[in-house]
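Novice: Assemble the complex: chain A is given as a structure, and chain B must be docked to it using the hints.
Chain by chain, the residues:
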Amino acid sequence: MQEKVLLRYRDLSVDLKMIDNYIESGGYSTARRVFSEIAPEKVIEMVKESNLRGRGGAGFPTGLKWTFLAKNTGKPNYLLCNADESEPGTFKDRAIIENDPHQLLEGMMISAHAIGCTNAYIYIRGEFAYGAEVLKRAIAEACEKGFLGNDVFGLGRELNIHVHRGAGAYICGEETGLIESLEGKRAHPRIKPPFPAVYGVFGCPTIVNNVETLACVKHIVERGPAWFKAIGPETGPGPKLYGVSGHVRNPGVFELPMGTSLREIIEVHAGGMREGRQLKAVIPGGSSVPILRADEIDIAMDFDSVAKAGSMLGSAGIIVMDDSTDMVAALRRVSHFYHHESCGQCTPCREGTGWLEKIVTALDEGRGTEEDLRKLDNVAKGMLGTTICVLSDAAAMPVRSFLDKFGEEFRAAVRRSAGAAAA
Amino acid sequence: MPRVTVNGVTVEVPEGINVVKAAEMAGQEIPHYCYHPALSVAGNCRMCLIDIRAMSAKQPNPLPKLQIGCNTIVADGMVVETNNPRVEEARRGVLEFLLINHPIDCPICDQAGECKLQEYYMDYGRQHSRFVLAEKQHKHKATAVGPDIMLDQERCILCTRCVRFLEEVTGTNELCIKERGDHSELSLAQGKSVDNPYATNIVDLCPVGALTSREFRFQARVWYLDSVPSICTGCSTGCNVDVHFRRDNLYRIKPRANAEVNGYWMCDAGRHTWRDNHGDHRLVAGYARRGDEFVQVDSSDAVLRSASLLQGCGKVAVVASASLTMEEGYLVSLIARKIGTGPCIVLSPATSEIADDGTLISTDRYPNRAGLLALGFRESSVLPADVDGVLVARCDAVGVDEVAWGTRLEGMRTTVVVDDRVSKAMAYADTVIAIASHFEAPGTFVSRRGRLQVLGAAVPAPGAAVAGWQAFAELLGALGGPRYQSVDEVFAALSLELSLGTARTHAELGACGETIAQRSAPESNTTLSAANPA
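In order, the protein sequence lines correspond to chains A and B.
Each residue of the first sequence is one higher than the one before, counting from 2 in our numbering.
Each residue of the second sequence is one higher than the one before, counting from 5 in our numbering.
So here's chain A without its partners, still in its complex pose (with noise of 0.2 Å):
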């Protein structure tokens, strides 16, 4: 068994939640070597050493987004923490959120002291009630220690972190839909550029990380990069949080080395198929990205492996299908979400998935034509890389992915359809 990083909480018998529990196990012990010890460029070289690429869905290396901080503007530059963890399939960060909160609040403090932020949110989101609580009375325990506040370790230093909870719109995950729900309005994702690093929360420079991104970054700095990279492949290295849903045995989160295959995850973690199904599908990364059939799980789950293999390792959210799945069913139920989703901004993605919806309901209560096959990929096509943000393009690509990996099953909806229509 290897050993636990990021849910180190279920290999030890304390509760890591109590802040003497969490300084006993050893930590606040890398912040605070950090803080008095460790130039700012040295943590951002550290985290760029160590090949970190962003947990929350894209993977753009994390060291590399922290150089494009504007400098010299005389405005403080902000940390927000991405823990508005919404893609269905996806509870990753919870898990760290609800049970080993001060880890989240170390690597938060590295990770400012490396861009100069004095104060740093956690955007969470508003379903997650309890782990907004728990992070509170953690930040609260570190306030009390002296680890946070205005006189960090005892050094002079100020550094505080401040909870916000969202109210459930899945768009206040986007980074910058999340600053504008952060600064009190509606969570339209912003034009870039500017990108955050330069014009972010409250028009100052800021830098958004994921909740994994952002422990992960402790342990870089506690263990060394070198540590790091030698977890899974090179080009985007380190321990992985993977959450497993659907129809499997063993449902839950798993840490593995980022690049465990998509099958061992399946059979071997997550417990294999329930009793006397297949496996029909599985969707790698959140419900965004494009679906895999059953014979195409022999994948590395790492970034560019689940890329070259046509789909995303996006947020980790493996969700497995089993042979008693209707795809068409499963696609509406997909679409209805994007549909109710969707911040309303850009025409292709407003219009777009209200629309993906109609047809695939319109397939799915035996309505459909085989004219509605090719309106649905067209429109879908239509919804690429035509807007502001990737709301859209995460709408589409299911939709675009269903129908090639599944037609046969939507033809056959078209064809009952026709066939209840003669009779």
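Please note that the accuracy of each hint is not assured.
Lysine-lysine pairs mimicking BS3-like chemistry, simulated, CA-CA at most 30 Å apart [to be verified]:
(1) B:K196 / A:K72
(2) A:K186 / B:K196
(3) B:K62 / A:K186
(4) A:K193 / A:K309
(5) A:K309 / A:K382
(6) A:K193 / B:K69
(7) A:K309 / B:K69
(8) A:K193 / B:K62
(9) A:K406 / A:K382
(10) A:K230 / A:K186
(11) B:K120 / A:K359
(12) A:K76 / A:K186
Since the hints were made in silico from the structure, they are not lab data.
Specialist: Just chain B, lined up with the frame of chain A:
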């Protein structure tokens, strides 16, 4: 200056502009809805998608994704295509998306004929609907959101131009988008009504038929309307406008862009100035007193009678309001010289109950005070003492004590009134000359900031009324002065005499006019000393 190539046409453009503007300079149209040069970039309509083939001379690589022209700033060596198959397909897609939930009720929509959905559909779409009609999203129609503004939420394409205008220009924030996705709708903010002094600009800004003017709704099909460039006469700011009319009737006034004066906007009060152009208060014929009777005379008769009365009556004062055009004012000042009076008098108050708002609305409700002062007029609030006769030119004597004014006029040996409407002075007049309104005859005004601009004639003057310049020219001729035959002749003479810029005809002055003097201090809207020929 960066050189940019759009569809093979290379142009040099100013630094920092976006590709939509650069394309325009290259003679290429990039269709757009949400982008407006005077508002922040929203980038939401996605109509201006373009294919960047080269980012700049330094980065000559094409961009993988289509970009929006409104948010792409030009760079030297940038190469852009706006009409290749990739762009065309994306744009057709965006148009289709915009139309699927649109009611397509053009036959009953006032925007028809000046609607960007219609225009771009014809230019870039032209495809049959693939959407199931019964599944269209329905929203509220014909909702009044302000005294002059009607909202049709189904027609709205959510470009947020109106929202941004009310946020960024007026700062009043009456409208917002609520709900999300395809349920999004333009809506009044709680407890608000779009009733700020610049509200109706959002009707002009709306690229579709979502916001329409309640005044103009169902009044005319826009393709039947003609328009003439003109100047708003509502105050001394001189906003550039287009006056829309059909045959003898005015229908609406819309702002015309002039960066030097009004940007893209005008106030609602200015829009309504056409309303009192029609009606019983207009003078449609000349009058003369015959004994105790006041009888209608033809206009040349009224002019000749006025000339002989003025010549024989002794000392004459000329009083005018600051709404005389430059041409009228110049002729009046020549008349004054001819009959040997003192300086002509501007008898209209420079301030009113309406306060300067620091932008377009001026407290001076008259359009040409600066011009008349440049012509040598003096301001006063009373008639000069010791005069035997008075020539009252477009003077409503606002702010003047009515009883005192009446008493003074009653005591005159001669009172000649020249106006386009019934005024208080008429009761005391010996002769009345009916002239055209500012919608009916050309002329020029000088704005409070010293900009000389051309007033356009839209509709004919009612009845026997003649152009003001013509009436005064005839009067001057009858008094033995030069006989001017056209408004341009008058303009040439006055601009030469006063050294007003370089233009000697209205055409040379152009649609946006010319600044003839350094702008005066913002508080003072009457002085124009630099332009005074002295």
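Novice: Each hint should be assessed against the structure and marked as holding or not.
Specialist: Structure-based check of all given hints:
no., hint, verdict
1, B:K196 / A:K72, "violated (42 Å)"
2, A:K186 / B:K196, "holds (19 Å)"
3, B:K62 / A:K186, "violated (38 Å)"
4, A:K193 / A:K309, "holds (27 Å)"
5, A:K309 / A:K382, "holds (20 Å)"
6, A:K193 / B:K69, "holds (13 Å)"
7, A:K309 / B:K69, "holds (20 Å)"
8, A:K193 / B:K62, "holds (21 Å)"
9, A:K406 / A:K382, "holds (16 Å)"
10, A:K230 / A:K186, "violated (40 Å)"
11, B:K120 / A:K359, "holds (27 Å)"
12, A:K76 / A:K186, "holds (21 Å)"
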